[in-house]
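Participant: Residues per chain, in single letters:
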Amino acid sequence: MVRQTIPLMITAIVGFVLVVAYFIPHPPFDTLREDFAIYFDIIASVAFILGAGNLIMMHGSKISKRDKSWGYSAVTVGGFILVLLIGLTKIGNPDGFRGSSVTAEGSYFDYVYRYIFRPCAATMFALLAFYVASASFRAFRAKNAEATILLLVAFIILLGRTFVGTLLTSWLPDSLFFLKIPYLAEKIMTVLNFAGNRAIMIGIALGIISTSLKVIIGIDRSYLGAD
Amino acid sequence: MRPRSLLRVRRSHRTDPPHGSVRFALLFSLSLITTMGCLFCSAPQASAQTPDRGEGSANVSPPSEVVARDTPSDRGESIAVAWTPPPEDTGPGGAIDGYRILRAQSATGPFEAIGQASAGAAAYTDTNVKNGINYYYTVVTLAGTAAVSSGVAGPAQAHPQWLNTNQWNAFIILFLLLGFNLYYIEHIKSGGKPFIRKLAGLEAVSEAVGRATEMGRPILFVPGIQDMNDIQTVAGITILGHIGRTVAEYDSRLVVPTSRALVMTTARETVREAYLSAGRPDSYNENDIYYVTDEQFGYVAGVNGYMVREKPATCFYMGAFFAESLILAETGNSIGAIQVAGTAMPAQLPFFVAACDYTLIGEELFAASAYLSGDPKQLGSIKGQDVGKLLGMASIVLGVLISSLGAITGWGVLEKISSWIESFWSTTLA
Numbered sequence: 004m005v006r007q008t009i010p011l012m013i014t015a016i017v018g019f020v021l022v023v024a025y026f027i028p029h030p031p032f033d034t035l036r037e038d039f040a041i042y043f044d045i046i047a048s049v050a051f052i053l054g055a056g057n058l059i060m061m062h063g064s065k066i067s068k069r070d071k072s073w074g075y076s077a078v079t080v081g082g083f084i085l086v087l088l089i090g091l092t093k094i095g096n097p098d099g100f101r102g103s104s105v106t107a108e109g110s111y112f113d114y115v116y117r118y119i120f121r122p123c124a125a126t127m128f129a130l131l132a133f134y135v136a137s138a139s140f141r142a143f144r145a146k147n148a149e150a151t152i153l154l155l156v157a158f159i160i161l162l163g164r165t166f167v168g169t170l171l172t173s174w175l176p177d178s179l180f181f182l183k184i185p186y187l188a189e190k191i192m193t194v195l196n197f198a199g200n201r202a203i204m205i206g207i208a209l210g211i212i213s214t215s216l217k218v219i220i221g222i223d224r225s226y227l228g229a230d
Numbered sequence: 111m112r113p114r115s116l117l118r119v120r121r122s123h124r125t126d127p128p129h130g131s132v133r134f135a136l137l138f139s140l141s142l143i144t145t146m147g148c149l150f151c152s153a154p155q156a157s158a159q160t161p162d163r164g165e166g167s168a169n170v171s172p173p174s175e176v177v178a179r180d181t182p183s184d185r186g187e188s189i190a191v192a193w194t195p196p197p198e199d200t201g202p203g204g205a206i207d208g209y210r211i212l213r214a215q216s217a218t219g220p221f222e223a224i225g226q227a228s229a230g231a232a233a234y235t236d237t238n239v240k241n242g243i244n245y246y247y248t249v250v251t252l253a254g255t256a257a258v259s260s261g262v263a264g265p266a267q268a269h270p271q272w273l274n275t276n277q278w279n280a281f282i283i284l285f286l287l288l289g290f291n292l293y294y295i296e297h298i299k300s301g302g303k304p305f306i307r308k309l310a311g312l313e314a315v316s317e318a319v320g321r322a323t324e325m326g327r328p329i330l331f332v333p334g335i336q337d338m339n340d341i342q343t344v345a346g347i348t349i350l351g352h353i354g355r356t357v358a359e360y361d362s363r364l365v366v367p368t369s370r371a372l373v374m375t376t377a378r379e380t381v382r383e384a385y386l387s388a389g390r391p392d393s394y395n396e397n398d399i400y401y402v403t404d405e406q407f408g409y410v411a412g413v414n415g416y417m418v419r420e421k422p423a424t425c426f427y428m429g430a431f432f433a434e435s436l437i438l439a440e441t442g443n444s445i446g447a448i449q450v451a452g453t454a455m456p457a458q459l460p461f462f463v464a465a466c467d468y469t470l471i472g473e474e475l476f477a478a479s480a481y482l483s484g485d486p487k488q489l490g491s492i493k494g495q496d497v498g499k500l501l502g503m504a505s506i507v508l509g510v511l512i513s514s515l516g517a518i519t520g521w522g523v524l525e526k527i528s529s530w531i532e533s534f535w536s537t538t539l540a
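Residue numbers (my numbering), protein chains in the order written: chain A, 4 to 230; chain B, 111 to 540.
Here chain B stands alone, though its shape is the one from the complex:
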C-alpha cells in the first residue's frame, strides 16, 4: 500500500557547526564591511541660503534647511531635495496645502516649477535632470492664496554612483553564502562526509517510477507555468534530468507538457541527455515533451485532459505554480496517481501538501537537484546554504532577545540594534 499521509512532521535541519576554516569567509566579510563603511560618507550637499518671504507670509512660514544633493546609490540623473517643514505644517487637511518645488540652473534664476509635494512631505526627488550640470532649488510653502518661498539650495549635480550602498546587506549575504558554499565543497571533496537528511519526496522517485512501469502507464512531469528566467523552473528542469534518467533506466514513458516554448526546448535537451547517459537513447521520444499554451487555464485544461484520458501512474509537479496547483493536484489525486510536488510559492504549498503524497517545501526544491545527484560539489552547496540558515536563525533569536531586553529596560540603544537586525534581513529579502 502506497504511503498517503496528508501531513508530515519535518525534522529541523541538522547543520554541522561552522568549522575553523569558515573564518576566512568571516574575515573576508569583515574586510568587506570595513570597505562598505567608507561608502556611507554622504554625498556633497547644498543647503539653502536666506528665505524669500512672499504673499501671505504673515500666516505661514517657508520650509527651512532646504538641502539639494545627488541621490545616492543610483544611476545618476536624479537629485534629492529635502527640507524641514514649517511648524504650521500639521499634515494633509491642515493649514498648509503643500509645497511647490522650483528649479533653476543659476542661483539667481529664472526658477521654474518642476513638481509638487503634499502637506507633511519633507522630500522630493527630481528625476528630470542631466548629469554634471549645476541645479538650484527653492521650495515654496502653499497655503490658500499664500506662497512663501525658501532660500535657494544649490548648486547640486547628479552623478552615477559606482556602488549601490542600499544593497550592502544583500552583498554581505551573497558573499558569505558563496564563501560557505566554496568551503563545504572543498571540505566534502577532501573526504568530509556531510549529513543530509532524507527528503521523502525524492526518496520516493524510484518507487513512483517503478510503479508506473509495472502498471504500464506514463509518468507526467509538470515544470510549472513560468519561463526559463524563473529560478524555480530551472530547479524543476534539473530535477527532470534526474527523473528522466531513472525513467530511462526503467524503460518507462515520461510525458512533459510545458506552458512555455523555451521550457519545452530546454526540457527536450535535458531529457535527451538523461536518456543518453542512461544508455537508452533509442527510448527517447521527443514528441512526449510538447508545448501546450502560454495561457494559465488553457494549460491546466490541456494537462487535466491528458491526465483524465491517459491516467498517468505518477505525477511530478516541480516549479512555479499559481492557482492551477490545486486543480492539477486534485485531478491527479482523483485518478489515483502517486504525486510528488515541489514549489517555492508559499501560497500554493498548502494545496500541494493537502493533495499530494510528498511535497518539497520551498528550499527543498532547490536542494533536490544536489540531493539526487549525490555529487560532492552540489552536496557542499547544501551545507553552505544550511550555514546561511543557521546565521539567519541566530540573528532572529538575537534580535528577539535584544528587542525584549530593550522593552524591559527601556534602553534605546537596544531598540536601535534590534531595528538594525530587522532591516538587515527585511531589505535583503525584499
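Chain A extracted, bound-state conformation:
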C-alpha cells in the first residue's frame, strides 16, 4: 500500500507543480523546473552507481562461472575498470592531477575516447548504411498497392535528390515544369510528407498530454507495476 501510495503522491505533486510552473513565471514557481531537473540529475547520478554496480556484478558472475559468452564480459569489465582508473587518476593529464578537466586534450582519457571509443561508435553507426539498403530492399518490393505506391514515391524522391533526376527531365518545356522530377520530389517532401508528419506530430502532442495527465492524476499506475 505504502509502496504505491507514496510514489503516487510524489508523482502527483511534482507533476502538478511542474504544470503550474509552466503557466506561472512568478517566484517561487519560476525556478521550480530547473530545481526539479537538478533533483532528477541527483537521483540519476545515484542510480548510475547502481548501474555500474549491476554491470560489474552481472559480468563478474559470468566470468567466474565461465558462461558461454564470458569473453565478452571480460572485455566489458576490463574496459570499464581501465577507463575508470584513467579518469580518476587523470593519467597523462598535461596539468597533472589537480589540473584541468579529466577530458583535457593530451590525457589518456582523451586518447581512449578519441582513438578507441569514437572509432567503435562510428563503426556501429556505419552499419546503418547497410541496414538502410537491406530494409529498403524489403520495403520497396511491390507486393501490394500500398507497397507499389511507396516504391514509386521512393523512386521519385531518390532521383529528384540526385543530378540524374534533373538530367532526365531537363528537356521538358517550362510549361510542363510540374512533371520535372526535382519539382515532384520537392512537392512530395514539402506537401505530402510534411502533412503526414504534422498529423503524426499533433497525435503525439495530444498523446503526451493525455498520458501525462493520466500519470499525474493517478489513473495510470502501471509504471508502478499496478493496473
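If you're looking for bench data, these hints aren't it; they were derived computationally from the structure. Quick caveat: nothing in here was measured; it's all calculated off a predicted structure. Note that beta-carbon positions come from the ideal geometry of N, C-alpha and C, so glycine has one too. Any given hint might turn out to be false.
With a Cα cut of at most 30 Å, we get these calculated BS3-like pairs of lysine-lysine [what the hints assert, rightly or not]:
id	chain 1	residue 1	chain 2	residue 2
1	B	Lys499	B	Lys299
2	A	Lys71	B	Lys421
3	A	Lys68	B	Lys421
4	A	Lys190	B	Lys421
5	A	Lys190	B	Lys526
Computed Cβ-Cβ distance ranges for the label pairs, DEER-style [as the list claims (entries may be wrong)]:
id	chain 1	residue 1	chain 2	residue 2	range
6	A	Ser67	B	Ile306	44 to 52 Å
7	B	Ser183	A	Asn196	47 to 55 Å
8	A	Gln7	B	Ser183	55 to 63 Å
9	B	Gly254	A	Val194	46 to 54 Å
10	B	Asp404	A	Leu155	54 to 62 Å
11	A	Leu155	B	Ser228	41 to 49 Å
12	B	Leu500	A	Ile191	45 to 53 Å
13	A	Ile191	B	Ser529	23 to 31 Å
14	A	Thr151	B	Lys308	19 to 27 Å
15	A	Val78	B	Ser529	39 to 47 Å
16	B	Asn238	A	Val194	44 to 52 Å
17	B	Ser228	A	Ile119	44 to 52 Å
Once you have looked at the hints, place chain B on chain A.
Facilitator: Below, chain B alone, put in the same frame as chain A:
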C-alpha cells in the same frame, strides 16, 4: 505462418461525437478564455520624450516612438525597449549601421551603453535589470561617425508576472483535454461502451510471447535509450508491465537490457510487480533486467550481441529511439524474431515500419497501456484524446476553408482568422 506485411493500412480513428455533457468542459473553457482576455491588457509603458540630435544629424534621424516597458509573461528582471526606425533605415548594408541602447536610473542620466541592435531592428530586451527599480532608456542611431540620440523613454520597472499569457493556447488545450478525459472516464465507468479500434501490434503480444515459449527462447524488451524523464520511456515501461504479466503467465523468459540505470531500477520494480500479480513471483529473475551503458552505440552493440548470440524469438522496442532503431530492428529481422515496435520519434517510424512486423505509430504508443489494461478509466482517457484530435482536425479543415475563402475574396479579416488558428496550434505544438 506469421504475419509479416511491410505496410499496413490504418483506418482513421473512429471517434464518438461529443456528448451533451461535454458542454461543461466547453463552458469551463469559455470562462477561461474570458478570464484570459483581461490578461492581454498591456503592461504600463513609458514613451520617449523629445529627441536629442547629435553629431552628423544632418544625414540620419533618431529612432522615434521609443517605448520601454516591463517584458510581459516573464519572471521579471527584463525590460523590453521598442522603437520605430528612422526612414533612412533600409536594413543591413544600408545607410544606418545599427543602434546603440543606453540606460540610466534617472531621466537626466548618466546614460551607459548596455547593448547594440543591428540595422532593421526595432526592439531590444534588457535582461540585466533588477525588479522594482526605475530605468530610463535612449536609443542612438549609428551611421558611420554620426550618432543621433532619441528622446528618453521611461521610467520602466521590471516585475515578475503571475501568468504567462504566451501559453494561453496550451492552457486551453490542456484544460479541454482534462475535461474530455474526466468526462469519458465517468461515462465509461457508468456503463458506456467505448469503441476502441484494434491495434494489431498489441493484439499480437500473446501470439508473440506464446511463440517464444514454444521455441524455448527468450523475449527481448528494449525500452528506448532515454531516461525516465522522457514520457516515451514511461509509456514503454507501462507496456513492459503488461507484457511482463503475459510472459509470467506463459512462464517464459523476459530480458530487458537498459541504457539508463534509473530505467533499470524502474523496469525491475515493474516486472517484479507484474510477476507477482500473475501469481509467479518465483519465476522473476532480477538479473534478466540489466544495465548496459549510457552510450548510444555501445548500448546497440551490447543488445545486438545478445540478439545474435541468444536469438530471442520476440523483440519489443517501445520508447524513444534515434539512429539505433534500424540497427536493432534489422538485427532482429535477421534472426527471424517477431518484432513489435512503438515510438513517438517521427524520424524513426519509417525504419520500424520497414523492419518490424507491427509498429505503434506515435500516439498509439501512449494509448497502448490503456488498451492493454482494458481499465475503464484508462479507456476513457483514450476517448478524451480522440475528441482532442477531432477538435484539431475540425480547426484544420476550418482554417483551410477560411484561408481559401480569404484568398478568393481578398477579405483581410479571413486571412487574420486563419493565421490566428495556425498560430494557436503551431505555438502549442512548439
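Participant: Taking the hints in turn, state whether each one holds.
Facilitator: Structure-based check of all given hints:
1. Note on B:Lys499 and B:Lys299: the hinted pairing holds, with a Cα-Cα distance of about 22 Å set against a maximum of 30 Å.
2. In summary, the hint linking A:Lys71 to B:Lys421 is supported, as the alpha carbons are separated by about 14 Å, within the 30 Å threshold.
3. Note on A:Lys68 and B:Lys421: the hinted pairing holds, with a Cα-Cα distance of about 21 Å set against a maximum of 30 Å.
4. For the hint linking A:Lys190 to B:Lys421, the alpha-carbon distance of about 43 Å lies beyond 30 Å, and the restraint is violated.
5. Restraint check: the Cα-Cα separation between A:Lys190 and B:Lys526 comes to about 26 Å, which is no more than 30 Å; the hinted pair holds.
6. For the pair A:Ser67 and B:Ile306, the supplied restraint of 44 to 52 Å holds, since their beta-carbon distance comes to about 50 Å.
7. Between B:Ser183 and A:Asn196 the beta carbons are some 34 Å apart, a value that contradicts the proposed interval 47 to 55 Å.
8. Taking 55 to 63 Å as the suggested C-beta distance range, the pair A:Gln7 and B:Ser183 does not conform, at roughly 38 Å.
9. Range check, B:Gly254 to A:Val194: about 47 Å between beta-carbon atoms, so the 46 to 54 Å window is met.
10. At roughly 42 Å, the beta carbons of B:Asp404 and A:Leu155 sit outside the given window of 54 to 62 Å.
11. Remark: the range hint 41 to 49 Å for A:Leu155 to B:Ser228 is upheld by a beta-carbon distance near 47 Å.
12. At roughly 28 Å, the beta carbons of B:Leu500 and A:Ile191 sit outside the given window of 45 to 53 Å.
13. Separation of A:Ile191 from B:Ser529 is about 26 Å and conforms to the stated range, judged on CB atoms against 23 to 31 Å.
14. In this structure, A:Thr151 and B:Lys308 meet the distance hint of 19 to 27 Å, their C-beta atoms being roughly 26 Å apart.
15. Checked against the hint of 39 to 47 Å, the C-beta distance between A:Val78 and B:Ser529 comes to roughly 59 Å, which is inconsistent with it.
16. A C-beta distance of roughly 45 Å is found between B:Asn238 and A:Val194, which places it inside the suggested range of 44 to 52 Å.
17. One distance hint, 44 to 52 Å for the beta-carbon pair B:Ser228 and A:Ile119, holds here, with the actual separation near 46 Å.
Consistency note: the structure conflicts with the earlier hints numbered 4, 7, 8, 10, 12, 15.
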